[in-house]
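Since the structure of chain A is already known, use the hints to place chains B, C and D on it.
Listed here are the chains, written in short residue letters.
There are 4 protein chains.
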Amino acid sequence: MVNVGILGATGMVGQRFIELLADHPKFEITALTASARSAGKRYEDAATWYLDSPIPESVKDITVVDTDPKEAKDVDIVFSALPADTAAIVEPKFAKSCIVASNASAMRMEPDVPLVIPEVNPEHLDLVEIQQKNRGWDGFIVTNPNCSTIALTLTLKPLYDQYNIKRVYVSTMQAVSGAGYNGVPSMAIVDNLVPFIGGEEEKMESETLHLLGEFDGESVVPAPFGLSASCHRVAVVNGHTEAVFIEMEDDLEIEDVKNCLCNFKGLPQKLDLHSAPKNPVVIREEENRPQPRMDRNTDNGMAVTVGRLRKDAAFDNSLRYVLVGHNTIRGAAGASILNAELISEIM
Amino acid sequence: MVNVGILGATGMVGQRFIELLADHPKFEITALTASARSAGKRYEDAATWYLDSPIPESVKDITVVDTDPKEAKDVDIVFSALPADTAAIVEPKFAKSCIVASNASAMRMEPDVPLVIPEVNPEHLDLVEIQQKNRGWDGFIVTNPNCSTIALTLTLKPLYDQYNIKRVYVSTMQAVSGAGYNGVPSMAIVDNLVPFIGGEEEKMESETLHLLGEFDGESVVPAPFGLSASCHRVAVVNGHTEAVFIEMEDDLEIEDVKNCLCNFKGLPQKLDLHSAPKNPVVIREEENRPQPRMDRNTDNGMAVTVGRLRKDAAFDNSLRYVLVGHNTIRGAAGASILNAELISEIM
Amino acid sequence: MVNVGILGATGMVGQRFIELLADHPKFEITALTASARSAGKRYEDAATWYLDSPIPESVKDITVVDTDPKEAKDVDIVFSALPADTAAIVEPKFAKSCIVASNASAMRMEPDVPLVIPEVNPEHLDLVEIQQKNRGWDGFIVTNPNCSTIALTLTLKPLYDQYNIKRVYVSTMQAVSGAGYNGVPSMAIVDNLVPFIGGEEEKMESETLHLLGEFDGESVVPAPFGLSASCHRVAVVNGHTEAVFIEMEDDLEIEDVKNCLCNFKGLPQKLDLHSAPKNPVVIREEENRPQPRMDRNTDNGMAVTVGRLRKDAAFDNSLRYVLVGHNTIRGAAGASILNAELISEIM
Amino acid sequence: MVNVGILGATGMVGQRFIELLADHPKFEITALTASARSAGKRYEDAATWYLDSPIPESVKDITVVDTDPKEAKDVDIVFSALPADTAAIVEPKFAKSCIVASNASAMRMEPDVPLVIPEVNPEHLDLVEIQQKNRGWDGFIVTNPNCSTIALTLTLKPLYDQYNIKRVYVSTMQAVSGAGYNGVPSMAIVDNLVPFIGGEEEKMESETLHLLGEFDGESVVPAPFGLSASCHRVAVVNGHTEAVFIEMEDDLEIEDVKNCLCNFKGLPQKLDLHSAPKNPVVIREEENRPQPRMDRNTDNGMAVTVGRLRKDAAFDNSLRYVLVGHNTIRGAAGASILNAELISEIM
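Residue numbers (UniProt numbering), protein chains in the order written: chain A, 1 to 347; chain B, 1 to 347; chain C, 1 to 347; chain D, 1 to 347.
Simulated from the structure, these hints should not be mistaken for lab results.
Honestly, I wouldn't trust all of these hints.
As the list claims (entries may be wrong) - Mimicking DSS-like on lysine-lysine, the simulated pairs with C-alpha atoms at most 25 Å apart in a straight line are: (1) B:K60 / D:K278; (2) D:K60 / B:K258; (3) D:K166 / C:K166; (4) B:K60 / D:K258; (5) A:K278 / C:K60; (6) B:K166 / A:K166; (7) A:K311 / B:K166; (8) C:K26 / C:K278.
Said to hold, decoys possible - Pulled from the structure, derived: some chain A residues nowhere near chain B, Cβ distances all over 10 Å: (9) Y50; (10) L51; (11) E71; (12) Q162; (13) E287; (14) S344.
Unchecked claim - To give an idea of the chain C side of the interface with chain B (calculated C-beta under 10 Å), a few residues: (15) Y50; (16) G183; (17) D191.
All C-beta atoms, glycine included, are put in the ideal place defined by N, C-alpha and C.
This is chain A alone, in the form it adopts within the complex (with noise of 0.2 Å):
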């Protein structure tokens, strides 16, 4: 067993990736910190439990300490749940020593630093060794993409690999979990939406072009196509539910493209690596699915669905769909943690 820490434990995401790790088969919990608050106290007395499964027997007992690697030791790797501020500062001395596999944001853009997923561009995992060697680091960083931008890309790294994509536009209905507990006050989202989420935006255009882009040996040099996205909160628990519409090159048929997703299998799926969905594209065919609360969950939340696969009547070479994925399992949690097995089997 890999002993593994889990920083900033107590939040939504910390506590994702307590209930995930919590019967891993190869990791195991060793370490939880929070803060300066909750440090020293039981786990089960410093965290108020938000998930609907109840809170791990195993990790009850744990003493919370800082999040520090003087406190947290011993363990090979770290996941990382911590707000972006408080990362960009503690990531750094953890990746002195550990394996650090972030679903922060602060450290995603560096060009020293992979940004994976590990069914769309294992291959970036090569930027570790120019990481290590510019900062001099034991361990290192590895981060997953944004939430919303990990759905997405799942679904369009098939279709990339298939034909040349021109432009996509993607309308995203995002669940009220991605906030944080607190992040979305109930007078904001009962009768209502918000059609803005902070940096959202920004981050899905970037990174998603980042993750198809290619690792020339030196740096990620992105792909070539333009996405433009608008982001928008609704009154759902959990699942980001996202309108994508694409234009490609070239001509296309839905039945290619729908062979295209279905049989789409990545490195993980290869290695059978144990949080690996059987496939990471599900299609449904009825014609009013995906919905976030009967499609999140598909294969442990671990794949997307894509639903409504259809031409674009007004455009050529185009198609439009809809996809639904867990926002804090496969959009968080479960990638940081799809991204350490992997490391933990290839590297």
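Coordinates of chains B, C and D only, in the frame set by chain A:
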């Protein structure tokens, strides 16, 4: 006072007609029709009143009659809130002698039936003459578009007049009231959304281009750009939200676009029609507006609110914005009433 | 394995039966019935699957048959998820040769039909002999109570055994799934609640006292205290919440009440029945629990969670608490299955 | 016109004060106070406007000042929407020279501070004389009760006058606006409810009996019956719903109770005060009313709507009903304003 009737007066849109007409300075409700089950009853007994405002005293005692011109007599204008299939049969009967201002979709795309938003294409009313000649009617039918089309088109019209629109993508988040009181089960919408509304995308795509099209004296030639829609139902009672992406042929400045939208006035504003909003399009500068619960009632629900007006970083000559419009006022009953007010004034 | 059928298998409770029975160690689904419209179709084609978990592979290809003992043959037990009116006609036909474990309300208050919660009144199953004699059946009908009754009665039973209950007031906040998929329109529940559920208060008041009543060898004598219910529907998908006020004849200590509830075990726990929760009643100490989304799935949805257990400052000998129970698992399909498991074990 | 100030003018209740006072015939807003962070700014720049109605033009340019009598000068009445801790410090300072009509809970149960609902206990205003004498103030403080208390007590008052109330149980389903804009996270309320509101049950229990109590010339003697409350937060924006169970000493007829509630008029109705509803209590006969979205705005949000009035089958001399009242209008800002209108008229 002009005597008016309401066809399908017990449903959700029928009730909005009643609410909006109860204190109208020129129109007086003298007939209310419904299905055979309700005919013969007092309106208050026939209808389950769904609106938040109380049922107007003036209609409580009106006896509901069958939806038949022989029963609903002595009216000059009838407002139709009928379902499409009934409308197709009944509206032509009324049009023999009456003006039919219809919210139903049945006749909208008939070549000789004007589909009109008074601020957008009042000149399409010239089709009436052709319609009456074709069909031998003394009255005529005028229709208004689908709820989501109206809100979108009100914002596209001033842009279309000033810029060369190349393509439009729109993704909607629509209120449950658009499906009627029983249309969307709560099981489908609590902690969920439904990414499909039957026929809605097709209506948005065809009606919008028709409304912006040119009447050449014989028929309407649709506007020559592409428009693609993806339509979704969310947990909002009233007020449709739409994320709009537009590519123009040429460069644009956001300030110019803003002025173009703000300063837009149409014939209803010039004629100072009773139900005309002061400005058909209202701009909000806050980063998180428009929101349906906050903005749907702007100018009595007759104005469309636009926010998040911004350039599209990914594409040249492109802009994005979010709009909110009240789907059963500006998008349904209020639209038919404004059509009737315009007709009363100019024909 | 015992062959079982599900009557009314396509509705919401029918689907819960399928979900809960799909991997059952003793019961094997061999027949699924529905209305004539569905008969002859594969189950997957006949049903619109409403649950968040995927439709079990094992039932997809079962051919749905009419709800008639001639069609649903070779079954030892049938679970009934029929509407009350159909149940009244069809269940007696099945009872001629089968055990009918029914969730329908039709036969619940028949004097010779046991209304049973296995933890509460298993001895009422002795009515079966009288029923078979009265009606000349080889099989029999056993029913479970209404969803909100079950949750309440599971908490009242241990108290009733230890204290002299004088009066109970209960105010419910019930999930929309209790009315079936199409039962509650979203217009009725978004930014709203409905303070009425047809027949619910009467069922709670009569069934609870019947369940706690004594079987005197011939019939059931209801428990001798008063119970008053007020029932309301709120915007929750699954999980009924109930605020309970109880006055006892004598003084009480909260710690004793807590122990009484915590330590409660019934026959299903002693027999270790497959669907029996470890503890029928689980106590939460947090000041803001139980909450339906967080607590409905406790012990696979078969335990009732109680919180806010406190004395009533206004009245002597009084206490108050709030409970949450899963309405379509413990309150419906799971209740019938536990009844059948008990019968299989002891009869 | 009387010059009035609003203390805590940027919060949710502060905004309701502004909305309700903007067109008031006797009160003119001349001062708005907020925390130091907002002081010095134009009101429009200082406040994030939360209400569905637009921010009144007349207040946009008022400069917000510190909540201090030296800053908010030349006002005769101040309305307090302050949090309890601030109110405890600041309201006495204002009361040296002003009338303070407070919605804060800080001073409500002070023996010499009148806690008043104008229809219920206007005679408690006689405490003012004692207060001024005790404290040496030229002004004074008058308070209104908690939101859920006001709605309940308005329905209890006419019953208390006509019957001997023995005991009352009340279970509430309260709107999220009652906790302020940021009070309830959406994670806590989507597909969920929270069965706890800090301090609410205690307030309902003590304030209601105090309001119905008798002022004996020196202090208020609470009404001599028992009242027990259980308070819950549900997914409703505005409008508290309460299920009420009452046991009387003697027999009752539902028709008499209905008449008693319907015909109830208080001093505000007799004096025809500007904000007084025509009837403080409105009865709905439909089996599924009152509902918060439909009934909260009855008589501009100042009337309480009662429905489901029925005998309690389980208990003698007992009745049950459900009520809805607007929590931030009748239950907060409107309550303080009605107090001030009464004081202006009679003192």
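Hint check results:
The suggested pairing of K60 of chain B with K278 of chain D holds, with an alpha-carbon distance near 20 Å, which does not exceed 25 Å. In summary, the hint linking K60 of chain D to K258 of chain B is supported, as the alpha carbons are separated by about 23 Å, within the 25 Å threshold. Between K166 of chain D and K166 of chain C the CA atoms are separated by roughly 16 Å; this keeps the pair inside 25 Å, and the hint holds. For the given pair, K60 of chain B sits about 23 Å from K258 of chain D by alpha-carbon distance, which is consistent with the 25 Å threshold.
Of the pairs offered as hints, the one joining K278 of chain A and K60 of chain C holds, with about 20 Å between alpha carbons and a cut-off of 25 Å not exceeded. Proximity of K166 of chain B to K166 of chain A is assessed by CA-CA distance (about 16 Å); at most 25 Å being required, the pair is judged to hold. Distance hint between K311 of chain A and K166 of chain B is fulfilled; the C-alpha atoms sit about 19 Å from each other, no more than 25 Å. Of the pairs offered as hints, the one joining K26 of chain C and K278 of chain C holds, with about 19 Å between alpha carbons and a cut-off of 25 Å not exceeded.
Its beta-carbon lying about 15 Å from the closest one in chain B, Y50 of chain A satisfies the requirement of being farther than 10 Å from that chain. No Cβ of chain B comes within 10 Å of the Cβ of L51 of chain A; the nearest lies about 15 Å off, and the non-interface call holds. Interface exclusion of E71 of chain A from chain B stands, the closest Cβ pair being 38 Å apart, more than 10 Å. Distance to chain B confirms Q162 of chain A as a non-interface residue, since its nearest Cβ pair spans about 22 Å, more than 10 Å.
Under the 10 Å C-beta cut-off, the non-interface status given to E287 of chain A relative to chain B is violated; the minimum distance is some 5 Å. Distance check on S344 of chain A: its Cβ is at least 35 Å (rounded) from any Cβ of chain B, clearing the 10 Å threshold; non-interface status holds. Using the Cβ-Cβ criterion of 10 Å, the hint placing Y50 of chain C at the interface with chain B is satisfied: the shortest such distance is roughly 7 Å. With a least beta-carbon distance of about 7 Å to chain B, the hint placing G183 of chain C at the interface is held under the 10 Å criterion.
Because the closest C-beta pair between D191 of chain C and chain B is about 6 Å apart, less than 10 Å, the hint holds.
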